[in-house]
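**Q** This is what each chain is made of:
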Amino acid sequence: MTAAANLPGAVTPRGTKPKTVFAPRNIMLYGTLLIFSMYYLLPLYVMIVTSLKDMAEIRMGNVFSPPVEITFAPWVKAWAEACTGINCDGLSRGFWNSVRILIPSLIISVSIAALTGYVLACWRFKGSEIFFGILLLGAFIPYQVLLYPLVIILRELGLFGSLWGLVLVHTIFAMPINVLLFRNYFVALPEELFKAARVDGAGFWGIFFRIVIPMSLPIFVVSGIIQVTGIWNDFLFGVVYTRPENYPMTVQLNNIVNSVQGVQEYNVNMAATLLTGLVPLVVYFFSGRLFVRGIAAGAVKG
Amino acid sequence: MSRARRGTAPVRPPIRLFRNLSSKIAAIPMVLVGLGVFVGGTIWTVVYSFTDSRLLPRLQFVGFEQYERLWSTRRWLVSIENLAIYGIVSLVFTMCLGFLLAALLDRKIRFEDTFRTIFLYPFALSFIVTGLVWQWLLNPDFGIQSVVRSMGFPNFNFDPLYNSDLVLIGLLIAGLWQGTGLIMVIMLAGLRSIDEDIWKATRVDGIPIWKTYIIVIIPMMKPVFVTALVLVTSGIVKLYDLVVAMTSGGPGISSEVPAKYVYDTLFTRQNLGQGFAASTMMLVTVAIILIPWAYMQFREKRQ
Amino acid sequence: MKKTLSLLATTSLISAGSAACAVDLEVTHWWTSGGEAAAVAEFARLFNENTEHTWVDGAIAGAGGTARPIMIGRITGGDPMGATQFNHGRQAEELVEAGLMLDLTDLAEEEDWRDIVNPPSLLDSCTLDGRIYCVPINIHSWQWLWLSHQAYEEAGVDVPTNWDEFVAAAPALEEAGKIPLAMGGQPWQQNGAFGVMAIALAGIEAWEAVNVDQNAEVAAGPEFARVFEAAAEARALSARSNVQDWNQATNMLITGQAGGQIMGDWAQGEFQVAGLVAGEDYSCLPGLGVNEIISTGGDAFYFPKIDNAETEAAQLELASLMLSQEAQVAFNLKKGSLPVRGDVDLEAANDCMKRGLEILASGNILPDANQTLSPDTQGQIEDMMTEFWSDQNYTAEDAQRLYAEIIARAD
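Protein chains in written order, with my numbering: chain A, 1 to 302; chain B, 303 to 605; chain C, 606 to 1016.
Rather than coming from a laboratory, the hints here were simulated on the basis of the structure.
All of these numbers come straight from a predicted model, not from anything done at the bench.
Be aware that a few hints might be false.
[What the hints assert, rightly or not] Covered stretches of chain A, as calculated for chain B (at least 3 residues, CB under 8 Å):
1) 56–64
2) 178–185
[Said to hold, decoys possible] Listed next, the in silico DSSO-like pairs over lysine-lysine satisfying Cα-Cα at most 30 Å (straight line):
3) B/K410 to A/K195
4) B/K326 to B/K603
5) B/K326 to A/K195
6) B/K326 to A/K126
7) B/K410 to B/K513
8) B/K326 to B/K410
9) A/K126 to B/K603
[What the hints assert, rightly or not] What the simulated footprint calls covered on chain A by chain B, stretch by stretch (three residues with Cβ under 8 Å from a Cβ of chain B suffice, anywhere in the stretch; the number is not a length):
10) 90–97
11) 124–134
12) 202–210
13) 222–234
Don't be surprised by glycine CBs; every beta carbon is placed ideally from N, CA and C.
Could you build all of it, start to finish, from the sequences and the hints given here?
**A** In C-alpha cells, the structure reads:
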C-alpha cells in the first residue's frame, strides 16, 4: 500500500550506526531516553501499586513503594461496589454503557464515513467537493459552539438522554476526520480495477461492496481505532447528552473519584482509573503499528 | 485532486438531479451533518448570542450586551489568560519535547519500538484518566511532595493543585504527559521522510549532527511543524476534561478555562445568551488560528 | 380510585395484574453523601411500600451545580424524569414559566397545603400566578457553626460558644497541629459561609437590604466591610484545609483534625452516620452564636409534565406522600433537616435539631439567598467568593468593591 510507505515504523531508521554500546554518546542517548521513560511510566506504575495496597498502607507509606501485601479488594470494589448515590454497583455499569455506546457508534460512523469517502473519491457530483469542504471545516468548530444546537436537534428527534442520542452525536463529530481518511485512501486505489468492474457491468453499490471494501481492510482498522479510543475516552458528550443510568465509564469514573462519602479511598480510585483506561490501552498494545498509523493519519490530516 | 473524475454513468438519465443518483443518496448524511449541524448549529449559536436568552432560548435581541458583560467578567478574563499561558507553554514544550524524542528515536537505537510504546501509551488514555492519575501523584499529603519530604527534604514544597500560582504547571505536567507522544510520532514520520542523501551530504561536509538538525532538517520539516502546531492549538482550545478531573477550576478560579465557562453558564448558571457569546468567542479564536494556516495551505497548492 | 387500585394490587395473586398501572417513577436528586443517601432511601422505601409504584433512583453525584444542568437539560431536552429535586427558590422559575412542570394546585387544595406548610413562605416559592408547582420537603438552614469537641480537647481549650471565642481559640488549635476552620474548596461552600457571616456580623437588616432589595450601597457600606474583614480572617484560619467536598471537611471535624466548619445543617447527617452525639462529641452554634437565625433554604420536588395519565397519577401520589407526616419525620431525621410542617412529632430529634426547631417556632427566619437572587447572580458572586477565599493576597476591600458591583447589576 502506498499509504503505508511514508508512515512511521515502515521505513528503516537512519543515522550513524552505533559503534559500541558504552560509548559516551550512547550513554547520553539512552540516559536521556530512560529519564523521559520514567516520566511516562511513573503514573502507570503508581496507579498499579496504589490499586494493590490497602488504605492503611497508603496512609503510611509513600506512593512509589511496592505493596507489602497485595490485595485485589480495591479492584473488586471499583468494579462492582463503588457508590454513586444509592447505586452501589461500581464501574461495571459504566463499562457496559460504554460498550453499548461504542459498538453502534463504531459501526454506524465507520460505515457512513466509508460510504461518503467512496462518493467523494469515485462518484463526485456537482457540489460534492463544496459539501466536503464544509464538513472538514466542522472538524475545527469548538464543540462548545454546537453543544446547545445538538440538544435541540436531539430533542426534536426524541433521542435526548438515550444511548442512541449519544451514538448520533459521536457519529456526527467523527465524520470529518473519517470521511477524509477514507476518501484519501480510495483516491489512491488503482483506477484499472474500476474500469474493469464497469465493463463487467457493476454499478455504484456493486463496486463498493465487491471491489472497494475488500481492498480497504487497513483503513477500516485505522478508522476503527480512532473511533474506539475517541468514543471510549469522551467525557463532555457523555455528561451533556446522557442521563445517569446511561453514563459512559469516563463520566462514572469522575463521579466515583470526585464525590466521596467520608474518606477518600485512593486505592479504589486508582483501580477504577486503571479499569477505565484498560480498553484503549489494550487496543493500543494489540494494534501496535496500526494504532500509530491511525492516530498519525488522523492527526496529520485532521 | 488532480485525478480525473471516475465512474461517470455511461447511460445518462434524462433529469440532472437523478444523474448519479445512488451517489447523491449516499451523500445525504454528509450534507445533513455539514449544513444542518455544522453550519446551521454555528449560525444558530451566533444569532442567539445576541439575545437575552436565560434558561430557554428566545429571540429577544439585546445587541452586544452579552459580549460587553463577557469581557468585563473577571472569570472569563482569567480563563482566557489561562488558556493563553497554558496554550503557549504547552505548544512550545510539546513541539520541543516531541521533536527531541523523535530525533532520539531516529538515531538507530535499540528497543526503538519499546521506547515509542512508552512515550505514546498515555495518548490512548482519556483526559479524565490522565487528570485523576496526576491529581493523585500531586496530592500534597501522599504524592511526590510527601515522598521527597520523607527522603530528607522536609521543606520541599510542590503542591501545584492547591496553589493558585502553580496550578497551571500541574495541568501542564499532566497535559504534556498525555499529548507529547502524538507529536513525537508525527515528527518521527517527518524525520523518516527526509532523504537519506541529505544526511550523507552533511556527513561528508563534516557538519555536526546537532547542527544538521537545526540548519537542515528542521527547515525541511516546516510542513510537519505547521501541522503539529494546528493540531496542538485546536486541541488546546477544547481543554476541558482535564481541568474538570484535576482541579474543577480551582483553587478559586485560578485554573478556569473558556470551555468550562461555556458549560457552566449554559447549564449551571442558566444564562444561555452569555454562554453562546462565550462559545462564539471560542469560535473566533479558532478562526484566528486557522485562517492563516488555511491560506498558507491554499497558496502552496496553487504553486 | 387509588384505593381500588391498591386493593387490586394487594389482592391480586398475579403480580402482572398490578403491573399494568404500576409506574416506575424516576426521581433525580443530588443526595449522594452518606447521611443524604440514607435519608433519600426513606422516601424510596415509603413510596415502594405504600403505593404500587416503584421508586427508580436517579442520584446524580456531585453538588447541585453538577446535577442541576443535567436535570434541566433532560426536562428541556424532552426526556423528563418523574420527579426532581431543586432548592427552594428560583432555580426552576423559567421551567415553570415555560409550562414544563405539573400543576399541583388541585392536590394542594385538597390536602390544605396552605395550612400545613410552615413557614408559608416555602409554598410561596413554589407558587407562580397563584398556581402551585412544587412540594417543599425540608428546611435547610445554612446558619450553623459546627465544632469538634475532640479537636478542642486535644488542643487543651474550651469549646467556643460564639464566633469571637472561636477566633480567639484558633492559635491554640494551630499549635496542636490542627486546622481551626475546615472549608471545602468548592465555590458554593465558600459563598455559603460568607452568607452566614454576613447575617451574623452585618445584621439582618443589612443582609436583607443587599440580598432582597439588592441595595448596592449597603453592600459597599461599613456593615459589609466588617463581614469581609472577618471573612479574610476566616480565610487565614482555613488556609491549610485542602479538601474539596463539604463532607470531607465535616469528616475533618469528626476525626478531630479540624476545629470548626461553617456549614448548613445537612452536615449533621454526617455526624450521625459516624455515630457522634450532639452536645457530647460535637456542638452547633446557630448564627455563629451571635444572631440566632434560621434561613429557610432547602429542597423542593418538582414534577415535570409527562403526557401519560398513569405517570401523572403516580407523580401526584409521590407529591402527597412526601408531605405526609410519616415521610416528613422519617426523611428529616436522617437528613438532619427540619420538617416543613409544624404538626409532626420529632421526639427523636437531637439537640441541634431541637434548637433549630425552637428558632423556627420563634419566627426568627430569613429567606435563603437562593430564593432571592437568580442563579446567574449567585454564580457571579460564587466566582468572586471562591477567588477571594483561595487567594490570601486578595484584599477584603477589593472583594467588597466587586461584590457591590455584582449586587448593583443583579436581577
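**Q** Can you list which hints this structure breaks, lowest number first?
**A** Checked against the structure, the hints that fail are numbers 2, 3, 8, 10, while the rest are satisfied.
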